[in-house]
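Student: The chain contents come next:
There are 2 protein chains.
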Amino acid sequence: MKTLVVVSHPKINDSQTQQFLLEGAKLQDVTWHHVEELKNIDVEKEQSLLKNHDRIIFQFPLYWYSAPSGLKHWEDEVLTRNFVYGDGDDNLGDKEFGIVVSTGMPLKDFCHGGSENVTIDEIMAPYFAIANRAKMKILPTFTIAQFQYMNESVQMQLLIDYQRYLTQTYPDNLKNRQEWFEREFADRFKDFNDINCNACETILDTFIQRKENIDQLKSTISLIKQGEDD
Amino acid sequence: MKTLVVVSHPKINDSQTQQFLLEGAKLQDVTWHHVEELKNIDVEKEQSLLKNHDRIIFQFPLYWYSAPSGLKHWEDEVLTRNFVYGDGDDNLGDKEFGIVVSTGMPLKDFCHGGSENVTIDEIMAPYFAIANRAKMKILPTFTIAQFQYMNESVQMQLLIDYQRYLTQTYPDNLKNRQEWFEREFADRFKDFNDINCNACETILDTFIQRKENIDQLKSTISLIKQGEDD
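Chain order of the listed sequences is A and B. Counting in UniProt numbering, the first sequence runs from 1 upward without gaps. Counting in UniProt numbering, the second sequence runs from 1 upward without gaps.
Think of the hints as simulated: they come from the structure by calculation, not from any bench. C-beta atoms are modelled at their ideal positions from N, C-alpha and C, and glycine is treated no differently. Be a bit skeptical, because a hint or two may be false.
[Said to hold, decoys possible] When the alpha-carbon atoms are kept at most 20 Å apart in a straight line, the in silico SDA-like pairs for lysine to any residue are as follows:
no. : chain 1 : residue 1 : chain 2 : residue 2
1   : B       : Lys11     : A       : Gly113
2   : A       : Lys135    : B       : His33
3   : B       : Lys218    : B       : Asp187
4   : B       : Lys135    : A       : Gly113
5   : B       : Lys2      : B       : Asn40
6   : B       : Lys108    : A       : Lys95
7   : B       : Lys108    : A       : Gly113
8   : B       : Lys2      : B       : Gln16
9   : A       : Lys135    : B       : Ser115
10  : B       : Lys51     : B       : Lys108
11  : B       : Lys95     : B       : Lys135
12  : A       : Lys137    : B       : His112
13  : A       : Lys137    : A       : Met1
14  : B       : Lys137    : A       : Lys137
15  : A       : Lys135    : B       : Lys135
16  : B       : Lys137    : A       : Lys11
17  : A       : Lys95     : A       : Lys11
18  : B       : Lys95     : B       : Gln47
19  : B       : Lys51     : B       : Trp32
20  : B       : Lys11     : A       : Asn132
21  : B       : Lys11     : A       : Thr103
22  : A       : Lys11     : A       : Thr103
[Unchecked claim] Here are the computed distance ranges between Cβ atoms for each label pair:
no. : chain 1 : residue 1 : chain 2 : residue 2 : range
23  : A       : Ser153    : B       : Gln146    : 51 to 59 Å
24  : A       : Arg81     : B       : Met150    : 41 to 49 Å
25  : A       : Ile138    : B       : Arg81     : 28 to 36 Å
26  : B       : Lys218    : A       : Thr80     : 52 to 60 Å
27  : B       : Lys218    : A       : Pro171    : 54 to 62 Å
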């Protein structure tokens, strides 16, 4: 699976959040695509880029309840009617669509009765409408609230969650999560091949042991439930 | 009451709808403000413009379920946090906020189960969120669907409805409508002063006669209802 991250930020070098995410997105099969850097938008090239990826992510800071104008400009140029509505090879219908949005406000403000008085899902309606029109599968939005107040351990958790959002099989259930971690452990431990990495082996052994325990628990629960149904 | 129409359209001269609305907006106390024509956005000047009007209208064609990027660019520059959140003289809290949006799709498509599968109100959420943040009073959105298919009489009705949207006292009830028409008749008939305008007098007389009939009917209905309550 290949993922395209369409990033919009007018001052990306000044953004701690985006610089952090940029480091996180340095993964195999992930393409980072910053729209404000495009001098001229080559519509065909942009459409090919979309066609050549399986998961399309719009990533941006929340400016007045929407993406910066750069993303809208890109949308209005690149998303021609035929390309989005089109049938045949040109359509986006077999792809997944996700949003990574960052905000300086606390997440608790985004609810009815909260100080924003609107939910993140509600203000993302225009993007979901595009994805619906293109018959894409919509992933739950990934919201990053108040990155600047996160301590290092919360940031590390965010990094993993973000990487999973970009590359893990949807939906985000235990099975897909396990598969993702197992693959990532194996991939990343390769980098330690010239070092005697005892820690790596221990982590992997523990992970596999726990996974087997969970599988055992699951089949026990399944047996109990079967008993209940009889 | 002074109304500011903040218009966004990247090719306004080619837009039949916008040219039609431009003619309609040539009214006393209505300022037409096309954001794509601004070479550089002078934030202070734009904020003064907003402060000096009582009703703020965002007017645009629907491009991918939102305004063209020009409006977002204007928003991101002009709507500084202090200006929108601010207390004291600088706030927008005593103003009204409306949207005039045009679309080439039929209005019936904008509902759940319709081919757009989303309502106009839902996709306008980011604009309502701004208005809410600024504590402005939100007017019902004025949607123009498929202008190109309208015949002349439908267009003329649209023109009147649009002019009422820009200048009539909110809410749009019978009393405010009557007042609007009476004032507009009087104002516009002035232009006929060097012509012997019998038609004008007839129209005004008929209007006033009917208004009195309605008032009579209303007090009759009121009496009947009072009888029912006893």
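Student: Does each hint hold? Answer for all of them.
Tutor: Consistency of the hints with the structure:
no.: 1; hint: B:Lys11 - A:Gly113; result: violated (40 Å)
no.: 2; hint: A:Lys135 - B:His33; result: violated (37 Å)
no.: 3; hint: B:Lys218 - B:Asp187; result: violated (27 Å)
no.: 4; hint: B:Lys135 - A:Gly113; result: holds (14 Å)
no.: 5; hint: B:Lys2 - B:Asn40; result: violated (25 Å)
no.: 6; hint: B:Lys108 - A:Lys95; result: violated (28 Å)
no.: 7; hint: B:Lys108 - A:Gly113; result: violated (31 Å)
no.: 8; hint: B:Lys2 - B:Gln16; result: violated (25 Å)
no.: 9; hint: A:Lys135 - B:Ser115; result: holds (12 Å)
no.: 10; hint: B:Lys51 - B:Lys108; result: violated (36 Å)
no.: 11; hint: B:Lys95 - B:Lys135; result: holds (8 Å)
no.: 12; hint: A:Lys137 - B:His112; result: holds (17 Å)
no.: 13; hint: A:Lys137 - A:Met1; result: holds (14 Å)
no.: 14; hint: B:Lys137 - A:Lys137; result: violated (36 Å)
no.: 15; hint: A:Lys135 - B:Lys135; result: violated (37 Å)
no.: 16; hint: B:Lys137 - A:Lys11; result: violated (33 Å)
no.: 17; hint: A:Lys95 - A:Lys11; result: violated (29 Å)
no.: 18; hint: B:Lys95 - B:Gln47; result: holds (13 Å)
no.: 19; hint: B:Lys51 - B:Trp32; result: holds (15 Å)
no.: 20; hint: B:Lys11 - A:Asn132; result: violated (27 Å)
no.: 21; hint: B:Lys11 - A:Thr103; result: violated (33 Å)
no.: 22; hint: A:Lys11 - A:Thr103; result: holds (15 Å)
no.: 23; hint: A:Ser153 - B:Gln146: 51 to 59 Å; result: holds (55 Å)
no.: 24; hint: A:Arg81 - B:Met150: 41 to 49 Å; result: violated (22 Å)
no.: 25; hint: A:Ile138 - B:Arg81: 28 to 36 Å; result: holds (30 Å)
no.: 26; hint: B:Lys218 - A:Thr80: 52 to 60 Å; result: holds (54 Å)
no.: 27; hint: B:Lys218 - A:Pro171: 54 to 62 Å; result: holds (59 Å)
The structure does not agree with the numbered hints 1, 2, 3, 5, 6, 7, 8, 10, 14, 15, 16, 17, 20, 21, 24 stated previously, though it agrees with the rest.
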